[in-house]
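These protein sequence lines are chains P and Z, in that order. Following my numbering, the residues of the first sequence are numbered contiguously, the last one being 205. Following my numbering, the residues of the second sequence are numbered contiguously, the last one being 472.
Please note: incorrect hints may appear among the correct ones.
[What the hints assert, rightly or not] Facing chain Z, from chain P, some residues (calculated, C-beta under 7 Å):
#1 Leu-59
#2 Gly-67
#3 Gln-71
#4 His-73
#5 Gln-81
#6 Gly-143
#7 Trp-165
#8 Tyr-166
[As the list claims (entries may be wrong)] The calculated label-pair distances, taken between Cβ atoms and stated as ranges, are:
#9 Z:Ala-299 - P:Arg-95: 52 to 58 Å
#10 P:Arg-89 - Z:Ala-286: 25 to 31 Å
#11 Z:Arg-268 - P:Ser-181: 37 to 43 Å
#12 P:Glu-186 - Z:Arg-242: 20 to 26 Å
#13 Z:Val-292 - P:Asp-48: 39 to 45 Å
#14 P:Glu-60 - Z:Asp-231: 27 to 33 Å
#15 Z:Ser-267 - P:Gln-198: 48 to 54 Å
#16 P:Gln-198 - Z:Arg-268: 45 to 51 Å
#17 P:His-194 - Z:Arg-242: 18 to 24 Å
#18 P:Gln-74 - Z:Ile-291: 50 to 56 Å
#19 Z:Ile-291 - P:Ala-152: 55 to 61 Å
#20 P:Gln-74 - Z:Asp-231: 33 to 39 Å
Calculated directly from the structure, the hints in this document are not laboratory data. By construction, the Cβ of each residue, glycine as well, lies at the ideal position given by its N, Cα and C atoms.
Now for the letters of each chain:
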Amino acid sequence: MAVLPAAMTLLEAAKLGDDSAFEILLRPLLEPGYRLAGGMLQDHQAAQDAVQEAAFKAWRKLRQLRDGSDMRPWFLGIVANECRSVRRSRWSSVVKVISPARTESTPADSVLSGIELRNALRALDEKKRLALVLHWYLDLPLDEIASITGSSLHAVEGQVQRGMHELRQRLEEHRG
Amino acid sequence: VDNERQLRTEFRRALDEVLPPVPWLEAAVTQDLHKRRSRRSIDRVNALPRSRMQLVAGVLVIVLAAVAAAAFLASQHAPQTAPAGAISIEAYQTMVKRDDGMVIVSRNDNCMTLESACDVSGKPAIALMQRWLDDLNASTPPARFAVIDAQMRRHLTVGISALNAIPAAYQAKDQSGLDRAHNLASDQQGWLDEATRGIAASQPGTAATYIASAQAASQAFGGCPSWVVGQPGRMRGHAIHEL
Numbered sequence: 030m031a032v033l034p035a036a037m038t039l040l041e042a043a044k045l046g047d048d049s050a051f052e053i054l055l056r057p058l059l060e061p062g063y064r065l066a067g068g069m070l071q072d073h074q075a076a077q078d079a080v081q082e083a084a085f086k087a088w089r090k091l092r093q094l095r096d097g098s099d100m101r102p103w104f105l106g107i108v109a110n111e112c113r114s115v116r117r118s119r120w121s122s123v124v125k126v127i128s129p130a131r132t133e134s135t136p137a138d139s140v141l142s143g144i145e146l147r148n149a150l151r152a153l154d155e156k157k158r159l160a161l162v163l164h165w166y167l168d169l170p171l172d173e174i175a176s177i178t179g180s181s182l183h184a185v186e187g188q189v190q191r192g193m194h195e196l197r198q199r200l201e202e203h204r205g
Numbered sequence: 230v231d232n233e234r235q236l237r238t239e240f241r242r243a244l245d246e247v248l249p250p251v252p253w254l255e256a257a258v259t260q261d262l263h264k265r266r267s268r269r270s271i272d273r274v275n276a277l278p279r280s281r282m283q284l285v286a287g288v289l290v291i292v293l294a295a296v297a298a299a300a301f302l303a304s305q306h307a308p309q310t311a312p313a314g315a316i317s318i319e320a321y322q323t324m325v326k327r328d329d330g331m332v333i334v335s336r337n338d339n340c341m342t343l344e345s346a347c348d349v350s351g352k353p354a355i356a357l358m359q360r361w362l363d364d365l366n367a368s369t370p371p372a373r374f375a376v377i378d379a380q381m382r383r384h385l386t387v388g389i390s391a392l393n394a395i396p397a398a399y400q401a402k403d404q405s406g407l408d409r410a411h412n413l414a415s416d417q418q419g420w421l422d423e424a425t426r427g428i429a430a431s432q433p434g435t436a437a438t439y440i441a442s443a444q445a446a447s448q449a450f451g452g453c454p455s456w457v458v459g460q461p462g463r464m465r466g467h468a469i470h471e472l
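Isolated chain Z, as found in the complex:
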């Protein structure tokens, strides 16, 4: 026991040697506490707007994400807007059929020869072909009719010129000129009638239907050896298929 007491005393003395009394400890701790408390209060005050800003930023991010999602969904579900002047396939088909029908009705056989009567009868057909051309020029065709649309406009222009040439040749007593004008106008009208039938019958198809259609057209050509193959403006009346 004495040994333990001695060791304990020695223990205390050894630690006292390195631990001088610090009478200022209380003041130092109190001052440090005050300082750190006030700093913490300032941090809290500063942190408040920061947390609000984080909240606002979070809300903004959510709103932006929602707007982006809504815009994406709208773009997915909204009908695809066509460029200005574009018309639907059905409207284009209707317009072409209507204009071609009116041109067909307006045709007559006047001024066929220098001997026949001719009262400048080409005029109504010219006006109707011009209206058809205007209709085509005023609209953007559906993609599947883009090529044939350009060809139709070219044939309409040629047809109008040919119809204008008929009375001129008649008045000039030029029979051969009259024949050429009639033939040219007839070729254009024939081409336009075939094109119109193709456009009217156009529908989405498969590769198989396209091949069958091409084969049928080939057989039709093969069955008409008297036809002049490669004659400008000639085509067979088969439906235009969109693959």
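In isolation and in its complexed conformation, chain P is listed as follows:
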């Protein structure tokens, strides 16, 4: 991934304590951060909170970002970690709130399909879910996902493939 010289300059300035430079760098990362957190947590409020927390942690840890590194995978990695800790602390309550039973009311097919898919996604293990969200929802290339997750490219490919297969299987089971 190419890093623009201008961004490098901003990164250096931000690392030297220029807060506005940091904000400029952070701005384009907030939307993908929100989508990642939303895909993982399936709760827009929790997703916003996770992005806010990740932004603060990124500001605190900015010196740890190696010179020449791209900020996006680094920041999305922080968001993913934040989602992990949020999930640990509040996932069960979220699940209870947003998980409708199959026998409940009969909404439109598309809505039902969305619920089923989100339930199926939620049932995936974390690595597969993260790989799928990053690849399918954020349209990130596999090498960047590998950078975010700290896995090899091969491992990420496998996670996406297995995640997709599992998701399909679960949906088929749900839909009979």
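Go by the hints and put chain Z onto chain P.
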């Protein structure tokens, strides 16, 4: 492939349903960052004196510990201070020997009978015994001599009274009174001489030396059947041992 595309589209739609756009996210994050940065700055400013105080407290603890350690070491190594008026064993022994020696030199046989000459000769001995008594009263004896010190003062007092009684009996032409006064004064002086020898020879000893000393004293008593056992003021001149 079509199946995968369809699933992917469905996937996006399913997540979009629960994730409305949040155009305020950027402003919210920026505002939150500003707030938390300033709070962190305040915390840092507050933390600075706290860290200094911790440093000062740490230094104080070290200084106090050092002072306590120094005081402890000083108390361990410094010579033990004696109470006011206390004198060392050697000084006490020297003082007693000196005072007893002067009293011995001052004795004479004047006024022994009503017929002999008597020029109130007891006076120098009285003054020297009084000085000895004053010396004892002015000092605190070493622990090992505490008991004998009290006894010496009592014998000195009795001795002084006896010496004062000699010229009085002589002038009263009272021979028996004169004899009693002489005997009493002689008993006290004898006791004081023995006590002085014991004090002068006093030294740290062991249980074995103490037992040997006691046995020697017992044999000495056994060898003198003419002595009146239990006569007030009588003692044998053996060294006082400190066990």
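Taking the earlier hints as the rules, which of them does this structure contradict?
none
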